[in-house]
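**Q** Single-letter residue listing:
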Amino acid sequence: MRHSPLPPTSSVPLVVIVDDEAAVREALDSLFRSIGLQARTFASAAELLAQALPDVPGCIVLDVRLPGISGLDFQAQLVAQGVALPIVFMTGHGDIPMSVRAMKAGAVDFLAKPFRDQDMLDAVSAAIERDRQRRAQAASLAQVREQYQTLTPREREVMAHVVAGLMNKQVAGLIGLSEITVKIHRGNVMRKMGVRSLADLVRQAEALGIQGPHTSV
Amino acid sequence: MPPPVAAPHTPSPQTCAGPAAAAPRKRLQHGALRLGAALLVGAIFLVDALTTLEGAVAVLYVVAVMLVARTARRGDILAVAAAGIVLTVYAYLDTHGLRHLGAQTFRAAVSLAAIAISAALALENQRAVQSLASQAMLLDLSHDMIFTRDRDGRIAFWSRGAAEVYGFSAQEALGRVADELLRTRYAQPRALADAVLEAEGRWEGTLLQTTRDGRELHVESRWALQRDAAGRPWRVLETHTDVTARQAAHARLVQSEQRYRRMFDATRIGVVQQDWRALHAALLAQGLEDPSALAAHLARHPGFAAQARDLVRIERTNPAFTAIAGHTQAAMPASLSELLDPADDTFVASLLAYAGGETFFEGETELVRADGRRVPVLFTITFPTAEDGAGSVLVFVVDITERRQAQDAMLAAQAELAHAMRVATLGELTASIAHEVNQPLMAVVTNGEAGMRWLRRDTPDLHEVETAIARIIAEGRRAGDIVRRVRDFLSKAPTPHQPLAPAALLADAVELVRHEFTREAVDVHVHVEDDLPWLHGDRVQLEQVLVNLMVNACQALAGWRGPRILSLHAGRGAEATLVFRVADTGPGITAADLPRLFDPFYTTKPHGMGMGLAICRTTAQAHGGELTVESMPGRGTVFELILPSHLDAPPHAP
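Protein sequences appear in the order of chains W and A.
Under the numbering used here, read the first sequence as residues 1 to 217, first letter to last.
Under the numbering used here, read the second sequence as residues 1001 to 1654, first letter to last.
These are calculated hints, taken from the structure and not from any lab test.
Hints may be right or wrong, so weigh each one.
[Said to hold, decoys possible] Computed far set for chain A versus chain W, every beta-carbon distance over 12 angstroms:
#, residue
1, Ala1120
2, Ala1299
3, Ala1355
4, Ala1450
5, Gly1451
[Stated by the list, open to error] Which residues of chain A face chain W? A partial, calculated answer using Cβ under 7 angstroms:
#, residue
6, Ala1032
7, Gly1075
8, Gln1329
9, Thr1425
10, Glu1428
11, Asn1438
12, Leu1441
13, Met1442
14, Thr1446
15, Glu1449
16, Arg1453
17, Trp1454
[Stated by the list, open to error] Pair ranges (Cβ atoms, derived):
#, chain 1, residue 1, chain 2, residue 2, range
18, W, Ser125, A, His1525, 53 to 63 angstroms
19, A, Pro1595, W, Val79, 15 to 25 angstroms
20, A, Thr1495, W, Val79, 22 to 32 angstroms
21, A, Asp1599, W, Ser125, 38 to 48 angstroms
22, W, Arg134, A, Ile1469, 33 to 43 angstroms
23, A, Ala1431, W, Ala136, 41 to 51 angstroms
24, A, Ala1622, W, Ala80, 50 to 60 angstroms
As the structure is a computational prediction, the values presented were derived from the model and not from experiment.
For every residue, glycine included, the Cβ atom is placed at its ideal position computed from N, Cα and C.
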C-alpha cells in the first residue's frame, strides 16, 4: 500500500485506488498526484474497509474484478457502511453486463482498460465534483436541521400546516389559536429557519421530510 | 613265415566254409578221408600179403598217408603211417621170414623209407597249414569284408566278415569275379584304381557295392597287391569297411549344416559370430568373473568397457548383417568397438549379464555403418554354456529403422495432437491472457501519461518522471515475458529434453492461468519444497500438463458454492521422484467417471474434446512418470504428476 506524499488536507480531493495489480495502482497513483490530487492505494476491498478515510471530497477508482469479492458486492458493502464516495469502475474487456449493473448501482463512470489518461481524469474530476456537491447538499441540510431544532413544538406545528398550503385562518381554526398568534408563530418560523418566502420554507420542509400536518420529526 | 597276404594262398576250403554248417561238414569230410585211408591201407595189405607180386606194393601206403594228410590232423597222419609201416613189416615177415635177405628185403626197406618220409612231409605240411589256418582265423575275426582275388578278378578267399555283410557264402563267392558279384561301382574309372595299384602296390578309395539282398553299401576299400617270386602281380587282397551308417550320419550332418548355413545366409536377421575368449580370459585374469566385482570395476575404471569391447572379435557375419552394417564381408571390422557407438551402454549391460551366467541378453542399440550413419537395432546375444563356448557367441540383430520411423511418426503425431490441445487450451484462456497482457500495457500507458504530466508541471518533478519511466520499462518487460510464455507454450516443434527446475516450471504454468483464478475467485496456495532435485524433460509438454490440470481445477471450482481453494505443491516423492500435486476443493469426480478419466475422447465438459487428460498422461509416461487422480465427490480432486528426478539442482541454479 502506498500512501500519498501529500499530507491529507481538507482542501485537496482524495482518490482512493483499489486494484489487485500493483503496477496499475502505482501508475494511477502517479497520474492522480501529477495533477495535484491526493491518492490512497489498496490491493483489496478488505484493506480499504479496514481503513478510516479523511473527510475530504473524493472518489474511489475500483477494478471491477477484485480477488475475493466482486466490485459490485464491494460497492454494496461500502453503501452499507455509509461510505458515500462516488465510484469509477475500471474493467478489462468484455464486461458489459457488469458495467450496466454497476451504473445502475450508482457508479459514476466505467472505464475499459487501457483507458486514456484524460478520460480517467475527467471521470475522476466529475466524480469528485459530484462528491463535492453531495457534501455541500449534506452540509446545508445539516444547517436546516439545526435551525429546525430551535423551533418550539407549537412553531413546528404551525410550520407543518403552513408548508402543507393552509391559510393562517385555517391553521388557527385547526389548532384552536387566534389568527394573530398563528401569524406571530409563522413569523418566528420564517426567522428561525432563515427564509424569506414561503417557497423557500417549503423546500426546506421537503429536505427535512416534513410532508403533512400529522407528520412529526 | 609267409607274409599275411600270402596266408590264404593255401587255404583249405573247409576253414572258410559257412559258419554254421562248417564244423559238421568238416567232421564228415574227415570221416570220409579216414575211412578212405583205412580201406586203402586194408586193400594194399591184402595185395601185399596175399599176392606174390614182385614189386614194392607197400610203397602205395604213401597214397594213404597223403590222403589222410588232407584232414590236417597230426594223429591221423601218424596213425596211417604207423599202420603202413607195421603192415609192410608184417607182410614181409609173413612171406619171407627173418632169415631171408634179398631184393625183397631192399624193396620193403624202400617202402618203409617212403612211408616214413611222406609221413614226415605230411606232418611238416600239417604244421604249416595249421599256422596258416590260425592266421586266416584272425582275418575271419575282423568285421571288415576281406577277400582275395587273382589276376582275373576271381575270388580266391572270402572272409567270414565278407560272408556276413555281403550275404554270399564262401561257396557262392569263391571263383566269382568280385566286381560282378558285388556290382561294384567306382567313383573313378576302375582303370585308374588298377593303375595306382600297379604302380604303388596299394590303392584306397570309396566304393559302392551291393549285397545279396540288394542293399547298397558305401565301403571304404583298401587293396594290396601280392607279387610272385618273379615280381609279377599274383594276388590282390581287398579289405572293405562298411561305412554306410557313417556315411548316412555324415550326410545328415552335411544336410543339417546346409540347413543352418541356409538359415545363416538367407535369413533377414543379421547374425554375428563373435569370439569372446580373449575377453573371458581378461575377466578371469583380473578376477572379474563375478558380476558385482565387474560392476565395481567398471564404476572405478570407465575405460574398461572400451577395452573389453576391443577384445571381442568378429568371427563371421551373415549377408543380412553385412547389409545392416553396410560393411562388405571383406571389410567387416575385426573388433566390436568399430561397430558400436562409443556412447553405447548396452555392451556393458551384456557384459554384466555374461558375468552373471545369463544365457542370453537382449537390448536395443545403434550400429555404426561403414558410411558413419547410425542404424537402430534390436539384438539378442546368446552365451553358450560350455566353458570353451566363449569362442562362439552368437548375436542376432534386427534392423528396427522402420519401426523406429513408425515410432517417430507416432511421436510426431502425438506432438501434433499435444500442440493442437495447447492451442485449444490457450483458446480457453484467451480472456485471461488478454487481461494478462493488458495489465502491463495499461500500466505502461498510464505511467507514460503520468510521466508527461509530471514533466509538464510548472516545476517538472524529475524524480516522479524517473520513477514512471522505470515502471514503464519493468512493465514492458513483463508484457514481453507474457508474450514469450504464450509463444513458447504454442511452439510446435518438440523442445529438446533439458534439465528443469521444478519451481520455475510450476511458476511458469501458474502465470499462464493466474488470471483465471482471479476471475473465478479461486484462492491459490503454492508450496514448493526447498532444494528440490531437478528433472529432465520437455519444458513445454510438462508445462502443458500442469496448465491443463490447473485449468481443469479452475473450471471445476467456477461457480462452486463450497470453498474455492487450489493447492499447488511440488515436492519429493518415493524413490527419486518429484511429485507435482494439484488439489482443488471443488465438486470432485464421480466414481463412475473416475476410471475413464484418462480415456481419449472421454469428457464431462459440454464443449470438451476429451483429449486433455489423455495427452497429459501420455506426456507423463513418455517422461518415465505417471499421472494419477483421486477424488472425493463433494470434497475435491487431487491430481499427482509423478516424474523421475534426474539430477541434483545445479550449484548455480537460477
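**Q** Does each hint fit the structure? Answer for all of them.
**A** Results of checking the hints against the structure:
no.	hint	in the structure
1	Ala1120	147 angstroms, holds
2	Ala1299	54 angstroms, holds
3	Ala1355	64 angstroms, holds
4	Ala1450	4 angstroms, violated
5	Gly1451	8 angstroms, violated
6	Ala1032	141 angstroms, violated
7	Gly1075	141 angstroms, violated
8	Gln1329	73 angstroms, violated
9	Thr1425	19 angstroms, violated
10	Glu1428	15 angstroms, violated
11	Asn1438	6 angstroms, holds
12	Leu1441	6 angstroms, holds
13	Met1442	4 angstroms, holds
14	Thr1446	4 angstroms, holds
15	Glu1449	4 angstroms, holds
16	Arg1453	4 angstroms, holds
17	Trp1454	5 angstroms, holds
18	Ser125(W) with His1525(A): 53 to 63 angstroms	41 angstroms, violated
19	Pro1595(A) with Val79(W): 15 to 25 angstroms	51 angstroms, violated
20	Thr1495(A) with Val79(W): 22 to 32 angstroms	53 angstroms, violated
21	Asp1599(A) with Ser125(W): 38 to 48 angstroms	60 angstroms, violated
22	Arg134(W) with Ile1469(A): 33 to 43 angstroms	38 angstroms, holds
23	Ala1431(A) with Ala136(W): 41 to 51 angstroms	42 angstroms, holds
24	Ala1622(A) with Ala80(W): 50 to 60 angstroms	55 angstroms, holds
This entry does not satisfy hints 4, 5, 6, 7, 8, 9, 10, 18, 19, 20, 21, going by the numbered hints stated previously.
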